[in-house]
Each structure stands twice: as structure tokens, then as C-alpha cells.
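Given chain A, work out where chain B should sit, using these hints.
Read off the chains here:
Number of protein chains: 2
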Amino acid sequence: MKIAETDFQAWMGGVQSRMEGVLARLLPAAGIAPARLHEAMRYATLEGGKRVRPLLAFAAGEVSGASPERVEIAAAAVEMIHAYSLVHDDMPCMDDDVLRRGKPTAHVQYDEATALLVGDALQSLAFQLLSEHRLADDPQQQLDMVKTLASAAGSRGMAGGQQIDLQATGKPLTLPELEFMHVHKTGAIIRAAVLLGASCGEISAERKQHLDQYAKAVGLAFQVVDDVLDYDASTATLGKTAGKDSKQGKPTYVSAMGLPQARQFAEELRAQAHAALRGIGAPARRLAEVADFIVLRKF
Amino acid sequence: MKIAETDFQAWMGGVQSRMEGVLARLLPAAGIAPARLHEAMRYATLEGGKRVRPLLAFAAGEVSGASPERVEIAAAAVEMIHAYSLVHDDMPCMDDDVLRRGKPTAHVQYDEATALLVGDALQSLAFQLLSEHRLADDPQQQLDMVKTLASAAGSRGMAGGQQIDLQATGKPLTLPELEFMHVHKTGAIIRAAVLLGASCGEISAERKQHLDQYAKAVGLAFQVVDDVLDYDASTATLGKTAGKDSKQGKPTYVSAMGLPQARQFAEELRAQAHAALRGIGAPARRLAEVADFIVLRKF
Chain A
1 MKIAETDFQA WMGGVQSRME GVLARLLPAA GIAPARLHEA MRYATLEGGK
51 RVRPLLAFAA GEVSGASPER VEIAAAAVEM IHAYSLVHDD MPCMDDDVLR
101 RGKPTAHVQY DEATALLVGD ALQSLAFQLL SEHRLADDPQ QQLDMVKTLA
151 SAAGSRGMAG GQQIDLQATG KPLTLPELEF MHVHKTGAII RAAVLLGASC
201 GEISAERKQH LDQYAKAVGL AFQVVDDVLD YDASTATLGK TAGKDSKQGK
251 PTYVSAMGLP QARQFAEELR AQAHAALRGI GAPARRLAEV ADFIVLRKF
Chain B
1 MKIAETDFQA WMGGVQSRME GVLARLLPAA GIAPARLHEA MRYATLEGGK
51 RVRPLLAFAA GEVSGASPER VEIAAAAVEM IHAYSLVHDD MPCMDDDVLR
101 RGKPTAHVQY DEATALLVGD ALQSLAFQLL SEHRLADDPQ QQLDMVKTLA
151 SAAGSRGMAG GQQIDLQATG KPLTLPELEF MHVHKTGAII RAAVLLGASC
201 GEISAERKQH LDQYAKAVGL AFQVVDDVLD YDASTATLGK TAGKDSKQGK
251 PTYVSAMGLP QARQFAEELR AQAHAALRGI GAPARRLAEV ADFIVLRKF
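Chains as they are written, first to last, in my numbering: chain A, 1 to 299; chain B, 1 to 299.
Hints listed in this document are in silico derivations from the structure and should not be mistaken for laboratory results.
Check before you lean on any hint, since a few could be wrong.
Because identical chains share one entry, a pair is satisfied inside a single copy or across any pair of copies.
Computed list of lysine-lysine pairs in DSBU-like fashion (alpha-carbon distance at most 35 Å, straight line) [stated by the list, open to error]: (1) K147 with K250; (2) K103 with K208; (3) K147 with K216; (4) K103 with K147.
Next up, chain A with everything else stripped away, as it sits in the complex:
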């Protein structure tokens, strides 16, 4: 196990540092007018996070034989949607958070109006990237990638999940309601990351089905683990305000089912993710490792 772990960590570090370079290249330079907006877009996107969605896109690209030069663009588009959602989610009218990834949130570092525009412009840039680079041999397949990301981001995906989250604050949710919220709020974009990565290569309908099941399990596992970590990790480790969700009266898997059961549920979802990959076999190795990383991470 020791060797495999090291191999995965090297791969993960490679994708993460590659993505840092790709995002830095694809974001408008801070010197281009309007400079303040471009500087803030870079602030909100660079040096950030674990890059879980790009990891998923690259791992899924290995299933379809996608070229890394294509996957990195698709992964950047997904990551920009994710970064925009964090900027807007942190704003005073939403979660009103001041710390993200150990740095002041965008509206604190700049101002609210700039943060609003940063999110808006990052979303536009994501779709610009998906349309201005050649990402699939067949342009129709690439149009389908645009559709996948747009519907994942929209009112029946991520933005809809945020709305459900807003309305849920202070109310106890049943487990099915909690799952419905997270399938939208975080699950949709995680699914898009997997599908877009795979769509940069050739993928059969059957394998796509397996990837879809994998993505569903992993997306939910990610949120369950987030709730567990939010409950018992320190602010310093997380780089964001810990225990905030439960203090704000937001329903979490820990509050809904208890800590040991939430940990157990994450394990079950990890097993489901592995099971979904069985029909793919060896090319799905990285996806299996990413699922392990998502569930076993301590930050």
C-alpha cells in the first residue's frame, strides 16, 4: 500500500501544479483592463484548494484515452465554475464568510460589487474556454460538453442547490431532502467534471453510465466527508471557518444522522464508487484512487 499511495500522491501533485499553470495562463492577465476585476478573478481562482474537480476530470480522461492538453481546458472550465460559486456563496447576502482557503474572501479583499462581477465573469469564462478550444474531435460532442456544464451549473444543478440550501437553514431536513440538496449543490458539478474529462476522448455509452454512477457516489461522499470534517476539524486545518454550518443551523449529515453513522455512510459511498468502476477495469484505477482520497482525506 505504501508504494501505491506514493504513486497517487505524485500523480495528484502533478495534476494540481499543472492546473495552477493552466489556470494562470487561461485567466486574463492582471494588467489587462479592467485590471481590478482581472486581479480579483485571479485572486479567487489561483493558489486554491485541492482541485478535486480537475483530479476527477484527469482521472476520467484516463478512461477514455483523452489527451491531457484537452482535459486541462475542460478541467479549468469546471474549476472556474467552482471558484465562481465559492465567491458568490461567501458574499454577505449568502453565507457571509470572511475566510476561504486561509485567505480573506474576495468581497473582503476587494469589495462586494467586484466579488459579484468576479463570479459573473468566471462563469462566462468557463463557457468561453469550452467553446474556443478544440476539446473533442466531433464539434457536436463538444457542444454536448457545454450543455453538460451549463445544466450542472444552473437552476436545476448547482445554483438550484444553493437556493435549497438557503431555504433549509434553521430547518431540520430528512435524509432524502438533504441528499436532494447536495446532489444539486455539489454533486452536479462533480458529475460534470467526470463527464467532461471523459468526453475529451472517446467514451462508450456503457462506460459513461458507469462513470455517472461513480460520480453520483463520489459527489455525495465528498459532501458527507465535508460535513464530518467541518464538525470535528479545527479552523486552522481547514483554512475556513470550521463548525460554521452547524452554528448557522444548516442541516448536515452529522446533524441528521450522527457522527459515527456519517463516517459509515461515507465508507458505503466509497464502496459504491468502487463498484461502479468494476465494469471499466484497469483504466479506472485513478478514479478509484480519487474516490479513496476524497473519503479518507483529513482536510
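The following block gives chain B in isolation, referenced to the frame of chain A:
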């Protein structure tokens, strides 16, 4: 002139009522979860405005022989980008406006968080529409349409123009600076409306060039006339708070060059728009009429 005017008005009314039906059909039903978000998206988009961008898209579609069934989808996508920008622009951290099209603004009617998500989700929906319907025979041409709208909406288009606008408040701008702001803030999406309408059919590179020049003149004329109307119209006629820009210390064409000169400039831009269409001839008739409507309107 009387007959031509009546014919144009009938055409305009036809496009406007058609768009109302198209938008009502393309927006998620208010009953679909999350219902509050979908209801607010419809509130912000339906029964609204002159539909100038759809008028431009339909008129440009006549130049390229585009089918109305395609143009209406492209026009709806552009209109959703426009509607999202109004919702975000009205928010307290931006222009802090309470009245839009004679109705309470979205954040007043609902709440700030919902308004934020309405804008976010409308932007996603615009790109979903451009990718999930067949809008051009060649999928690559359709990908180019996605790129045109995405770059027009982004940090080097509309969102960038908003940022310049923010930073300009309270400062006198030179005329070139004012033009730079408006080319981004409103011009980019107006250009996208023209190009997307035409791209639903077959358009030569030369005609596209003419349309581009037309769109540049019309986009700027639209803003100059807006400034003139904002200066001398009453709140009741405009359906929004009049004289607000100058009260907020925002630079306008009226403050930068004086009222008679601003009126004169709008006339010059109208002449430029007509001149750009000369190389196209008869199929550009509606575009010429839309330019007249934009400059001669009283609301």
C-alpha cells in the same frame, strides 16, 4: 413614412410577443423545485422591456435567411444574459435600485440571495440553450456562437464594462473613456445579438463585417439615447428611476458633452449604422428600421 412605420411596428410587436412566449416556454416552470428560484427567474425575465436585443437578432437573421425557430432560441439566450445583468446591476452592492420596468427589482421582490442566484442561473441557462438546441447546420458554427456570447458577457465584455462603470462613479471621464466603458457594458451584448441572429443562417465574412460595424454604431447609439432619456424623461415614462445616473455622479454622454451635442451624436451614430448596411442592401431593411427605433424612441 406612415405605412413603413406601421409595418415596422407590427413586425416589432410580433417579435416582442413571440419572445414573451419563447421565454415563458424556455424558462423552467415556477412549479419545478427549487420553486422560489424558478419563480424569481421568470419574474426577472418575463413581461420585460422593449426586447431590443431580440429585435436585433431577428432583424439580423433576415440578412442570413435564418429560420425564426432558430433565431428565437439564440435571441432568448442573449435576453437571459441581459436579464441576469439587470438583476445583478440593481443589487444593493451595485446600483442599489428598487424599480425596474415599473416593478420592484428582484432583490426587493424576493431577497438578495435569491436575486444573486437568479442572475447566476440565468447566465447558465443562456449557455444551456445555445448548446442543447440545433441552431446552425454546422456544429462548429454553433460552438462559435457560444464563444461569441461568452466573450461578450465576460470580463472583457459586459462584466468588464460594469467594473469600469463602478470605478468611474464620481469621476469625470473623457469621451474616449466613456466610449470604452459603453462598448464593453452594453455594446458587447448588442453586438452578440446581431451576430448570433445572423449565425443561425448562412452569412459571408464580408456581410459579417458590415453587421459588426452596424452593431458597434447601434450599441453606442443605444447608450447615448439612454443617457439623453435618463436626463430629460420622467420616472413614470421610463419605468425606472430617472435622472439616477447623474445623481449618483455617474458619467453620461449628457454630462460629458451637453444635451444638444448628445442628441446630435446619436443622430451621427444612426447615420453610421445605416451606412454600414449599404453593402448588404434590401435584406438589411429591418436592421435599418431597428436602428431608427433605437435612436428615435421616447422611452
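Evaluated hints:
1. Taking CA atoms no more than 35 Å apart as the test, K147 paired with K250 passes inside one copy only; the shortest distance there is 31 Å, against 38 Å between copies.
2. For a Cα distance limit of 35 Å, the shortest separation of K103 from K208 qualifies neither inside one copy, at 38 Å, nor across copies, at 46 Å.
3. Taking the shortest Cα distances, K147 and K216 sit within 35 Å of each other both inside one copy (18 Å) and across copies (30 Å).
4. In this assembly of identical chains, the alpha carbons of K103 and K147 lie at most 35 Å apart whether taken from the same copy (33 Å) or from different copies (32 Å).
When held up to the earlier numbered hints, the structure conflicts with hint 2 and nothing else.
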